[in-house]
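Here's the letter readout for the chains.
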Amino acid sequence: MASQERITVHNLAGKLPNLKHTSDDAIPNYLNSLKFTQDHSLIDTRLALGYGAFAIAAACFLWDYKLGFESTKWFTAAAVALYSLVNGALTLWIAYVEKGTVYQGKAADGTKLTLGPPPQISVSTSTKKNEPTYYVVVDVAPKGGPSTKLEFARSFTEWFDVQGHFVALPFQTMLATTVPLIAKADPKRAAAIPPPAAAAAAAAEFLNVDTHTLDALAAAETTGAESTAAGSVGKKSKRRKA
Amino acid sequence: MLSGLQNPRQAAAQLLNFALILSTAFMMWKGLSIVADSPSPIVVVLSGSMEPAFQRGDLLFLWNRNLLAETDVGEVVVYNVKGKDIPIVHRIVRKFGLGEHAKLLTKGDNNAADDTELYARGQDYLERKDIIGSVVGYIPFVGYVTIMLSEHPWLKTVMLGIMGLLVVLQRE
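In order, the protein sequences belong to chains A and B. Per the numbering used here, the very first residue in the first sequence carries number 731; after that it's consecutive. Per the numbering used here, the very first residue in the second sequence carries number 59; after that it's consecutive.
Note that these hints are calculated values from the structure, not bench results. No experiment lies behind these values; they were computed from the predicted model shown. Wrong hints could be hidden among the right ones.
Below, computed lysine to aspartate or glutamate pairings styled on EDC-like, alpha-carbon distance capped at 20 Å [to be verified]:
(1) B:Lys153 - B:Asp130
(2) B:Lys161 - B:Glu128
(3) A:Lys803 - B:Asp95
(4) A:Lys836 - A:Glu800
(5) B:Lys140 - A:Glu800
(6) A:Lys803 - B:Asp182
(7) A:Lys796 - B:Asp95
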């Protein structure tokens, strides 16, 4: 399961896409649990085009294998042309229509909600190199009304713990407090403390940790005793504050 | 990682990436054979019979259209013999007549005798339709990979497995 997966927090460069994908995967889980109806038409079109192209190639392979080259030459030429058309359409679809869209769905009142990466940022990652920030553009289109765009950029550290585990609660709170439409669907999360404050507190705690704790943390990482390490961080830092 | 397998659409999309790599490679090959009008526009030299011109492992590019001139003496051609499925790369050394049914005799540069021995039983010459292309270009040695693959078939399985794994493991 994506949310249970642990992402190595060191060596950020290679792990950013993982942070992004794990966060992306959590969005449909959360929104669908709030009675949003997910619209799969984007990915369904992509699958139809892709498998359509593959079917053309497969058919071409079959007749070429069964009947030989010479007698099927014109069919093969047509198949090659058709394949490049469908494949080109697929490429355009991915680049100009899907644009890395993470979620598309409808709220209970029919308002359309779309989440995806902002256009200026690489579609495949929606992160910038070596910068642990999650960039999202939210498009809210009420029934019959004009759509409004909302852009936010949040640090992954708000919902990934020190060990690299995804934590659902702060992520959901973050979404609910940023997007009014989600807040309406989930008033409980929206009323919670906004995550930046909590995250700042956590970060401050982590910065205050003494070398002993850091050693313990490192040792725990290698032995895999994650829960105890996390516990010790909490305890130690509390003691320091007291 | 394999998280996509939880969601059928994402699993299908990942499988699609792999399928499209295969089918695109195949369709590019087919496109090339349509342009060159040859069932096999790229071949690998399997023997040393054309040394020193071509060596085992050389990759040859074929062209099978007679746009400007007929296939003639001196051209290096690849031909198929009825009943044998391995194409042969040799040079045309004799030609009698003109057009479709001109009688062609081939010989390997490095062979002592001409190819009448290699032809099918009762066949003394080639015709234009037996030829699948004239050599128009080559890259030395790179074809050795395919010689390795055909001599050690298990390498194919290994390569395909590694490719498949890579595609599944890295999303997008």
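Status of each hint after checking the structure:
Restraint check for Lys153 (chain B) and Asp130 (chain B): the C-alpha separation of about 7 Å stays at or below 20 Å, so the hint holds. Under the criterion of a C-alpha separation no larger than 20 Å, the hint pairing Lys161 (chain B) with Glu128 (chain B) is consistent with the structure, at around 13 Å. Restraint check: the Cα-Cα separation between Lys803 (chain A) and Asp95 (chain B) comes to about 8 Å, which is no more than 20 Å; the hinted pair holds. Using a Cα cut-off of 20 Å, the hinted pair Lys836 (chain A) and Glu800 (chain A) is violated, with the two alpha carbons roughly 53 Å apart.
For the hint linking Lys140 (chain B) to Glu800 (chain A), the alpha-carbon distance of about 15 Å falls within 20 Å, and the restraint holds. Restraint check for Lys803 (chain A) and Asp182 (chain B): not satisfied, since their Cα atoms lie roughly 29 Å apart, outside the 20 Å limit. Between the alpha carbons of Lys796 (chain A) and Asp95 (chain B) the distance comes to roughly 19 Å, so the proposed pair stays at or under 20 Å and holds.
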